[in-house]
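> Could you slot chain B onto chain A? The hints should help.
2 protein chains.
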Amino acid sequence: MPTQATDPTPAQPNDNLSIARAARLWPIEEIAHRLGLPGEAVEPYGRGIAKIDLTAMTALAESPRGRYVVVTSMTPTPPGEGKTTTAIGLVQGLQRLGHCAAVALRQPSMGPTLGLKGGATGGGHSQVLPMERINLHLTGDLHAVAAAHNLLAAMVDNHLHHRLAPELSPRDICWQRVIDLNDRALRHLVLGLGGRGDGVPRQGGFEITAASEVMAVLALADSLADLRKRLGRLIVGLDRDGEPVTAEQIGAAGAMTVLLKEALKPNLLQTLEHAPALIHAGPFGNIAHGNSSIVADRIALHAADFVVTEAGFGADMGGERFFNIKCRASGLTPDAAVLVVTVRAMKYHCGQHRVIPGQPLPTSLLAEAPGEVMAGGANLLKQIDNVRAHGLTPVVAINAFPGDHPSEVAAIRELCASVGVRAELSTHVRDGGEGAVALAEALVEATEGVAADTDAFHYLYPDELPLVDKIERIATRLYGADGVDFAPGIRERLASWEARGYGVLPVCIAKTHMSLSHDARLLGAPNGWRLPVREVRLSAGAGFVYALAGDIRTMPGLNASPAATRIDIDDEGNTVGLY
Amino acid sequence: MPTQATDPTPAQPNDNLSIARAARLWPIEEIAHRLGLPGEAVEPYGRGIAKIDLTAMTALAESPRGRYVVVTSMTPTPPGEGKTTTAIGLVQGLQRLGHCAAVALRQPSMGPTLGLKGGATGGGHSQVLPMERINLHLTGDLHAVAAAHNLLAAMVDNHLHHRLAPELSPRDICWQRVIDLNDRALRHLVLGLGGRGDGVPRQGGFEITAASEVMAVLALADSLADLRKRLGRLIVGLDRDGEPVTAEQIGAAGAMTVLLKEALKPNLLQTLEHAPALIHAGPFGNIAHGNSSIVADRIALHAADFVVTEAGFGADMGGERFFNIKCRASGLTPDAAVLVVTVRAMKYHCGQHRVIPGQPLPTSLLAEAPGEVMAGGANLLKQIDNVRAHGLTPVVAINAFPGDHPSEVAAIRELCASVGVRAELSTHVRDGGEGAVALAEALVEATEGVAADTDAFHYLYPDELPLVDKIERIATRLYGADGVDFAPGIRERLASWEARGYGVLPVCIAKTHMSLSHDARLLGAPNGWRLPVREVRLSAGAGFVYALAGDIRTMPGLNASPAATRIDIDDEGNTVGLY
Chain A
1 MPTQATDPTP
11 AQPNDNLSIA
21 RAARLWPIEE
31 IAHRLGLPGE
41 AVEPYGRGIA
51 KIDLTAMTAL
61 AESPRGRYVV
71 VTSMTPTPPG
81 EGKTTTAIGL
91 VQGLQRLGHC
101 AAVALRQPSM
111 GPTLGLKGGA
121 TGGGHSQVLP
131 MERINLHLTG
141 DLHAVAAAHN
151 LLAAMVDNHL
161 HHRLAPELSP
171 RDICWQRVID
181 LNDRALRHLV
191 LGLGGRGDGV
201 PRQGGFEITA
211 ASEVMAVLAL
221 ADSLADLRKR
231 LGRLIVGLDR
241 DGEPVTAEQI
251 GAAGAMTVLL
261 KEALKPNLLQ
271 TLEHAPALIH
281 AGPFGNIAHG
291 NSSIVADRIA
301 LHAADFVVTE
311 AGFGADMGGE
321 RFFNIKCRAS
331 GLTPDAAVLV
341 VTVRAMKYHC
351 GQHRVIPGQP
361 LPTSLLAEAP
371 GEVMAGGANL
381 LKQIDNVRAH
391 GLTPVVAINA
401 FPGDHPSEVA
411 AIRELCASVG
421 VRAELSTHVR
431 DGGEGAVALA
441 EALVEATEGV
451 AADTDAFHYL
461 YPDELPLVDK
471 IERIATRLYG
481 ADGVDFAPGI
491 RERLASWEAR
501 GYGVLPVCIA
511 KTHMSLSHDA
521 RLLGAPNGWR
531 LPVREVRLSA
541 GAGFVYALAG
551 DIRTMPGLNA
561 SPAATRIDID
571 DEGNTVGLY
Chain B
1 MPTQATDPTP
11 AQPNDNLSIA
21 RAARLWPIEE
31 IAHRLGLPGE
41 AVEPYGRGIA
51 KIDLTAMTAL
61 AESPRGRYVV
71 VTSMTPTPPG
81 EGKTTTAIGL
91 VQGLQRLGHC
101 AAVALRQPSM
111 GPTLGLKGGA
121 TGGGHSQVLP
131 MERINLHLTG
141 DLHAVAAAHN
151 LLAAMVDNHL
161 HHRLAPELSP
171 RDICWQRVID
181 LNDRALRHLV
191 LGLGGRGDGV
201 PRQGGFEITA
211 ASEVMAVLAL
221 ADSLADLRKR
231 LGRLIVGLDR
241 DGEPVTAEQI
251 GAAGAMTVLL
261 KEALKPNLLQ
271 TLEHAPALIH
281 AGPFGNIAHG
291 NSSIVADRIA
301 LHAADFVVTE
311 AGFGADMGGE
321 RFFNIKCRAS
331 GLTPDAAVLV
341 VTVRAMKYHC
351 GQHRVIPGQP
361 LPTSLLAEAP
371 GEVMAGGANL
381 LKQIDNVRAH
391 GLTPVVAINA
401 FPGDHPSEVA
411 AIRELCASVG
421 VRAELSTHVR
431 DGGEGAVALA
441 EALVEATEGV
451 AADTDAFHYL
461 YPDELPLVDK
471 IERIATRLYG
481 ADGVDFAPGI
491 RERLASWEAR
501 GYGVLPVCIA
511 KTHMSLSHDA
521 RLLGAPNGWR
531 LPVREVRLSA
541 GAGFVYALAG
551 DIRTMPGLNA
561 SPAATRIDID
571 DEGNTVGLY
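Chains as they are written, first to last, in my numbering: chain A, 1 to 579; chain B, 1 to 579.
Chain A extracted, bound-state conformation:
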């Protein structure tokens, strides 16, 4: 079969582009109207895009709340298993069943789009539009995050320069700068050089905008006032006595809030089948919670019957943070979870295939091998269990790829059935919403089992559990570790934060997303290992503690042939090379 001899990606990038180009956008006001948003809260921002003013939350407060669905996945292969396409396909499927359904997604980062990976707007017949605007700038929210973040950085260095009170220790400044580009040369630098009038020399660096704590704050704030409060709590460094200094003390939090006023309004777009799509905020999935915004979900929940939101990476990563960080911050509880699997990821987790990030998956993954699917199933079963650890039984979505064999799909169904989980094949990439109708039906059934007032959902740990125990609970209960090894000084550091009142915060463990463990080479559901925590940091503004269990790169680089070299305009002014 020729489709198997090549890259098993279901739709080639050029197919995505031609499908997107052939699509006719509906006026965004029409999408907003069908979603029931008050007209005065809808502010068009170019063709097919609007911002939703937060007054919509008040206007819709009395409307019944829709069903809240999170899409997560098994531990992914490097190219990913299609959570975004599945979330988009699912709302299109729900729409075909007559429901008003909205999808809530993160905004993709521009840097990687210009670097290696191409855009992040779905694929095939499950895409959000307009692709070009989503992948580049959109309505400028990422730029606003960078501006607010870097204003604080400039004010911190200005604070040093003018020796303002409280006196900062130049070597204890933890607030870096950010830019939405892959620019390795900015990772480590010495700034403040020149003469006496050019600042105080010190080490510094840039991270990509998605890694900014301001981005995490934007995603977790539930109002403008809450945004203001969180920004004030951002810690920029230590004073001469070792006490934390905040953005409030630097005098930056008000101006940062004003810079983020437009960015706090969720962006409304549409899928290929004109289902509403809210694309808003894009925090990192390792050092932050990797979920789109609370305000977008909240608005959508009071407007739609179903809101489907995607959580970054696997159920142990974005899924866990959705439950324990995002839902804890919002007070919203999910009604159902969808767990995306693919035949190829199941085979990948059997550990017999060599996969190189940035390269097509090996053709060995294409041979019919239901036994490999079963062998790799340990990962799926563990991730199903990870969702169940929060009181929800997921619906498994088998995201169909052209190279899949019926025997392999059957193996997945069998595995799921063995643990009482419903699994549905979804061909939304090839068929759009029609291909996701079976999945949508399964989902509706799953949510019907959940009575609004006797919700089974629960957090993995209570607020009052000590920080060390929170980290251990995630590591042992979700990752399958035998325990946690804290580097010297970490326990003391966590205890000092508890003494300052930060002990009630949830935790976020920054590790590879390629394994349930901290080691990307350990596939399936590894046993007999311990999680090493080498460092902990406090995101006091966003409201979580994060523990580093791996080498997390917060500023990517470009390869020798970046995507940007192939992006251009043609003679008619159309964009080429961006997908």
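Be aware that a few hints might be false.
Since the list can't tell identical chains apart, any single copy or any two copies may satisfy a pair.
As the list claims (entries may be wrong) - Restricting the straight-line Cα-Cα distance to at most 20 Å, the calculated cross-link-like pairs of lysine to any residue (SDA-like) are:
| no. | residue 1 | residue 2 |
| --- | --- | --- |
| 1 | Lys229 | Gly420 |
| 2 | Lys229 | Gly577 |
| 3 | Lys261 | Pro402 |
| 4 | Lys229 | Ile569 |
| 5 | Lys229 | Pro370 |
| 6 | Lys229 | Asp570 |
| 7 | Lys229 | Val576 |
| 8 | Lys229 | Ala487 |
| 9 | Lys261 | Pro130 |
| 10 | Lys261 | Asp570 |
| 11 | Lys229 | Leu425 |
| 12 | Lys261 | Glu40 |
| 13 | Lys261 | Ile569 |
Honestly, the hints are just simulated from the structure, not real lab data.
On a predicted model such as this, the values are computed, not experimentally measured, just so you know.
Frame of chain A, contents of chain B only:
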């Protein structure tokens, strides 16, 4: 008189804010419709703001071209003489006379707004709206310029890192990075530190976004294809043989163009009296030409009867570049010029008052002193002559301030009459368009004297004049210098550019805007001095050579109490402290 005992600013910042807050914006579609723009070319971007697609140029190509008016000024005092308010007041005055008139302005830079100076949206009853959006982000054009600029920078460092061909010399890279903030600590830095995987260590730095050559390119491009061509010509550094390396060779120009596609569309807004305002591009007024975009002017000229555009700083600076750089690039010729003067600036130029930038003007400027006005008049007469050097006789607008005395205004009128120039008092800040009706009538009369086909306008120098002679002609003919002293090596450098075909480019002299000379302390119309040119640079993308005749700072710093510390939201979520 109590109004004289305080800061003589005509409307206090809080007045500006309360006037702006009380205003009711018309739907921007209504403004666009009255301007005759085709509906499909108008893309709303939030309340009261739209982008105009460049298809409007084609759609309007057959419409008659309106009158093209440039607003310039005498050499300003530190707080400025109100060119922006005059341009806005003038279109409101023209509108009261029944004309369709549009104002075309630069987009203010965000960094200084958060630093010292407050916003740049006019004042009193001559403002453009919405103020907050204009001063912060607007539609993201400055962010797009920074993204395109910094993408090229990242690709240059990536080029070094991977040792791609042509091989760049790390010490000959001239392409800096940019950010739209006042951040002195980024002026000089060493980047590429860390390990082998973190780039090549070298010196670098950041400038403010307005100083980016990409900004100058955006303002001068007359189509998307022209933008693409100019970006390709940007010079990033030298190769190992000392030959220039361009953005085209780095492979960045296509992606930069795509990043700027939305930014190339002019922004449409409105004045307090609902006159159309096109706010687009904001290049520096010293190292670049300091004028708003050609595409905005071109679209407006085919839609309105009168287009009034502001050129940065005095007639020797932005005015000169409007005539010799912007009009040369566009092929458009101006029909009239307005030269803004104030009583206080006339007195300032008599040289008897000590004015400190960033502080209120001294109260000594408020005493009735028509003799001082006459003494300072040398500057006005020279700037009138500078406009006349291009074939146009300006209309002088006396921008009224509360502290002005009738005898002083009469002195200005007398001085102008002595050289055959009409001068009108304009109270547009206090009275809106009604206060500018006399000025508008004088302007209409001035343009009626200009027959479209026998236009008196001409450039100061022809393309083929050698670069050295172009610099000398501007210095001697406009600035009043006795000659130019070129630092060693400059003449050779200019000759080498001529040998490469750059000799046909116009020149831009970067000097202080506070004096006709290069020395801010020399007021009036100084004689007996020579212009020192210490360095020349080639803006091959924008299409001009610039000569540095002073210490031009391209990255401002913050003072010990930046404006940002006073910007915040109030309990209702309204922005406070931004004006």
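> Work down the list of hints and note, for each, if the structure agrees.
Going down the list of hints, with the structure as the test:
1. Taking the shortest alpha-carbon separations for Lys229 and Gly420, neither the intra-copy value of 44 Å nor the inter-copy value of 62 Å comes in at or below 20 Å.
2. In the homo-oligomer, the alpha carbons of Lys229 and Gly577 lie at most 20 Å apart only across protomers (18 Å), although the nearest pairing inside one protomer, at 42 Å, exceeds that limit.
3. Taking the shortest Cα distances, Lys261 and Pro402 never come within 20 Å of each other, neither inside one copy (44 Å) nor across copies (36 Å).
4. When the C-alpha separation of Lys229 and Ile569 is checked against a cutoff of 20 Å, the pair qualifies only between copies, where the shortest distance is 11 Å, while the shortest distance within a copy is 44 Å.
5. Within a single copy, Lys229 and Pro370 get their C-alpha atoms no closer than 53 Å, and across copies no closer than 55 Å, so neither meets the 20 Å cut-off.
6. In the homo-oligomer, the alpha carbons of Lys229 and Asp570 lie at most 20 Å apart only across protomers (12 Å), although the nearest pairing inside one protomer, at 47 Å, exceeds that limit.
7. For the identical chains of this complex, Lys229 and Val576 are inter-copy neighbours only, at 16 Å across copies versus 43 Å inside a copy, given an alpha-carbon limit of 20 Å.
8. When the C-alpha separation of Lys229 and Ala487 is checked against a cutoff of 20 Å, the pair qualifies neither within a copy, at 32 Å, nor between copies, at 55 Å.
9. In this homomeric assembly, Lys261 and Pro130 come within 20 Å of each other (Cα to Cα) only across copies, at 14 Å, whereas the closest approach inside a single copy is 23 Å.
10. Proximity of Lys261 to Asp570 under the C-alpha cut-off of 20 Å is restricted to the inter-copy arrangement: shortest distance 13 Å between copies versus 36 Å within a copy.
11. When the C-alpha separation of Lys229 and Leu425 is checked against a cutoff of 20 Å, the pair qualifies neither within a copy, at 45 Å, nor between copies, at 49 Å.
12. In this assembly of identical chains, Lys261 and Glu40 lie within 20 Å of each other by CA distance solely inside one copy; the values are 17 Å within and 29 Å between copies.
13. Taking the shortest Cα distances, Lys261 and Ile569 sit within 20 Å of each other only across copies (10 Å), while inside one copy they are farther apart (33 Å).
Hint violations for this structure: numbers 1, 3, 5, 8 and 11, all remaining hints satisfied.
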